[in-house]
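> Residues per chain are reported as follows:
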Amino acid sequence: MHSLISVNNLTRRYGDFCAVNNISFELAAGDILGFLGPNGAGKSTTMQMLTGSLAPTLGEITINGIDLLEQPKAAKASLGYLPENPPLYKEMTVTEYLRYCARLHHIDRSRQTAICDSAIERCGLDDVRRRLIRNLSKGYQQRVGIAQAILHSPPVIILDEPTVGLDPIQIMEIRSLIKTLGQSHGIILCTHILPEVQAVCNRVQIINQGELVYSADMKDMLSTETRRFEISLSAKIEREMLARHAVFKSINIIDNNSFTAESDLPAEQLTAYIIRQQWGLTRFTTQQTSLEQMFIDLTLSDTNMTNSSISRKKRLDDRLQTNAT
Amino acid sequence: MILTIAKREFRSMFLSPLAWVILAVIQLILAWSFFKSIDVFFEIQSDLTTLKNAPGVTDLIASPLFEVASIILLMLTPLLTMRLISEEKRSGTMSLLLSAPLSISEIVLGKYLGLLFFIMIIVLLIVLMPASLAMGTQLDYAKMLCGAFGLFIMLAAFSSAGLYMSSLTENPMIAAISTFGFLLLLWMINVNSASAGDGANLLSYLSLHTHFSAMMRGILNTRDIAYFILFITGFVVLTIRQLETQRLQG
Chain A
1 MHSLISVNNL TRRYGDFCAV NNISFELAAG DILGFLGPNG AGKSTTMQML TGSLAPTLGE
61 ITINGIDLLE QPKAAKASLG YLPENPPLYK EMTVTEYLRY CARLHHIDRS RQTAICDSAI
121 ERCGLDDVRR RLIRNLSKGY QQRVGIAQAI LHSPPVIILD EPTVGLDPIQ IMEIRSLIKT
181 LGQSHGIILC THILPEVQAV CNRVQIINQG ELVYSADMKD MLSTETRRFE ISLSAKIERE
241 MLARHAVFKS INIIDNNSFT AESDLPAEQL TAYIIRQQWG LTRFTTQQTS LEQMFIDLTL
301 SDTNMTNSSI SRKKRLDDRL QTNAT
Chain B
1 MILTIAKREF RSMFLSPLAW VILAVIQLIL AWSFFKSIDV FFEIQSDLTT LKNAPGVTDL
61 IASPLFEVAS IILLMLTPLL TMRLISEEKR SGTMSLLLSA PLSISEIVLG KYLGLLFFIM
121 IIVLLIVLMP ASLAMGTQLD YAKMLCGAFG LFIMLAAFSS AGLYMSSLTE NPMIAAISTF
181 GFLLLLWMIN VNSASAGDGA NLLSYLSLHT HFSAMMRGIL NTRDIAYFIL FITGFVVLTI
241 RQLETQRLQG
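Read top to bottom, the protein sequences are chains A and B.
In terms of this note's numbering, the first sequence has 217 at position 217, counting the first letter as 1, and numbering is strictly consecutive.
In terms of this note's numbering, the second sequence has 161 at position 161, counting the first letter as 1, and numbering is strictly consecutive.
Source of the hints: derived by calculation from the structure; they are not laboratory data.
A portion of the hints provided could be inaccurate.
Derived pair list, reagent style PhoX-like, types lysine-lysine, alpha-carbon separation capped at 20 Å [as the list claims (entries may be wrong)]:
#1 A:179 - A:219
#2 A:90 - B:36
#3 A:236 - A:249
#4 A:138 - A:90
#5 B:7 - A:90
Okay, the calculated beta carbon distance ranges per label pair [said to hold, decoys possible]:
#6 A:85 - B:117: 25 to 33 Å
#7 A:65 - B:103: 41 to 49 Å
#8 B:90 - A:192: 20 to 28 Å
#9 B:90 - A:137: 18 to 26 Å
#10 B:121 - A:106: 27 to 35 Å
#11 B:142 - A:13: 54 to 62 Å
#12 B:16 - A:252: 57 to 65 Å
#13 B:217 - A:13: 52 to 60 Å
#14 A:252 - B:168: 52 to 60 Å
#15 B:135 - A:153: 18 to 26 Å
Not everything, but these chain A residues come out facing chain B in the computed CB check (under 7 Å) [what the hints assert, rightly or not]:
#16 81
#17 103
#18 272
The beta-carbon is built from N, C-alpha and C at its ideal position, and this holds for glycine as well.
All chains, full assembly: derive it from the sequences and hints.
Listed below in structure tokens is the structure:
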């Protein structure tokens, strides 16, 4: 399958400071790529370069087979972008604004109404379509921003923190919208919210200090993780008692009746094992902290810079090795 | 595509009170000045009949009106131009334009064109005042048209400088003040050019006022038109270059 975005050796320097260093990645149709990184890691710089607001120092970007730097207009036609701050003209109404965006994307006058209506419906903006954007709440403004990005159904959609300021129900709606869009489009999702990436994305990339430190399919990543479980028993828990059982590793006792532990066994075998011990199992939870843990591992910078980049590279290699096997 | 941006720019001016206030202020001051000069005209009317080559009503009313208008607009144009690009940058809407399939030239030309539409309205409203005299007297239409054109092209020049200043900063106030300072300097640069010499000639050529006043006398000179067109093209190109540079350097 040909890739929607292909980025080769992308580098961006601001004077001596290197914000993005030699990044390469690809995005295929049907991919929802989670782009993670701590503040100042170069996420936004990368997104700005992908959308043509910023020129790269080195490297090339191809969008839908068209070189962004050589034919910017043609390449940008297959792009929908929601920046960190939704780019809204606050003195316009929702419909006026979306119509203007449609015109900016060279959409025929005859199709404008239909396209705007479908974006309004998809983002749940029907109640506010005649209101001034200025008077809308933050959540609605965010949704107008999303509507603007998906309006012309571009092959590539780049969303920078799309669920900021939304209430939990809206977040669920937007996530399911993103999933639906992901079936036919390629999506890059930039976010700080790790559960969001786990819930929505099928690929994940972590960027730190301008370098791509991790990149994998979500299912590979989850399968290589050591699992961590939270277990509650009716029996009183003692460390010695648990330590006798080799299936539990790095045990952490929470209180008299519950503890967390890692285990190589899959969940169903582990529960069967505990039941055989007749401890009176009352609660069994799989902890979904894998991505979070990895994020912290990869991005927590050591004090010694040179060491850190070497060890990071080593860790990355290790990860890739385990993924491959 | 340029027109799409121009139309939005034009409409958004009328969505904020700024455009209405500026139009009202201009009309109010000029109407007062207009009546004043009509008054003067009636006083000296009897003396004029004795003169051989007497100035007509167009010279005595329309031209002074345009002169006053040019000075008021020297102060007000910076307020119109200050938000053109700085506001887009500040509110983040610039990234909408940059990520859309548009070139930077289209963005800049669209914004400039939108402003020119507004300036046309200003000039039209000003011309209506002396034109209303046509009900009672004979007017020198060609001379008035020449004056109106002079006013328009000079305002277009003011705006191009304002456009450029607005691309330099995210703060509209700074854009307005620097535009005003720059225009004022160019306006009065020829004050001392009474003393002869090459330097004085150069200063006189650079001055906006020299070129404007020729058109007020009804002289449509290619030299003056070339000056304004060079001025406008120069600043529009500078603006495009400036935005390109910001894209390259971040």
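> Next step is simple, just say for each hint if it's right about the structure.
Checked hints:
For the hint linking residue 179 (chain A) to residue 219 (chain A), the alpha-carbon distance of about 16 Å falls within 20 Å, and the restraint holds. Distance restraint check for residue 90 (chain A) and residue 36 (chain B): the Cα-Cα separation of roughly 42 Å exceeds the 20 Å cut-off, and the hinted pair is therefore not satisfied. A hinted pair counts as satisfied when its Cα atoms are at most 20 Å apart, and residue 236 (chain A) with residue 249 (chain A) qualifies at roughly 19 Å. Restraint check for residue 138 (chain A) and residue 90 (chain A): the C-alpha separation of about 12 Å stays at or below 20 Å, so the hint holds.
As the CA atoms of residue 7 (chain B) and residue 90 (chain A) are separated by approximately 16 Å, the hinted pair is consistent with the 20 Å bound. As the Cβ distance of residue 85 (chain A) to residue 117 (chain B) is approximately 29 Å, the hint placing it in 25 to 33 Å holds. The supplied range of 41 to 49 Å is broken by residue 65 (chain A) and residue 103 (chain B), whose beta-carbon atoms lie about 20 Å from each other. Distance hint check: the CB atoms of residue 90 (chain B) and residue 192 (chain A) are about 24 Å apart, consistent with the given range 20 to 28 Å.
Against the hinted window of 18 to 26 Å, the Cβ-Cβ separation of residue 90 (chain B) and residue 137 (chain A) comes to about 21 Å, which satisfies the hint. The hint said 27 to 35 Å for the Cβ distance between residue 121 (chain B) and residue 106 (chain A), and at roughly 29 Å that hint holds. Take residue 142 (chain B) and residue 13 (chain A): their Cβ atoms lie about 60 Å apart, and the range 54 to 62 Å holds. The given range of 57 to 65 Å is respected by residue 16 (chain B) and residue 252 (chain A), whose C-beta atoms sit roughly 60 Å from each other.
Distance hint check: the CB atoms of residue 217 (chain B) and residue 13 (chain A) are about 57 Å apart, consistent with the given range 52 to 60 Å. Take residue 252 (chain A) and residue 168 (chain B): their Cβ atoms lie about 58 Å apart, and the range 52 to 60 Å holds. Checked against the hint of 18 to 26 Å, the pair residue 135 (chain B) and residue 153 (chain A) fails, with Cβ atoms roughly 59 Å apart. Proximity of residue 81 (chain A) to chain B holds as hinted, the smallest CB-CB distance being about 4 Å (cut-off 7 Å).
Given hint, residue 103 (chain A) at the interface with chain B, holds; its Cβ is 5 Å from that chain's nearest Cβ, closer than 7 Å. Because the beta carbon of residue 272 (chain A) sits about 54 Å from the nearest beta carbon in chain B, more than 7 Å, this interface hint is broken.
In this structure, the hints that do not hold are numbers 2, 7, 15 and 18, in rising order.
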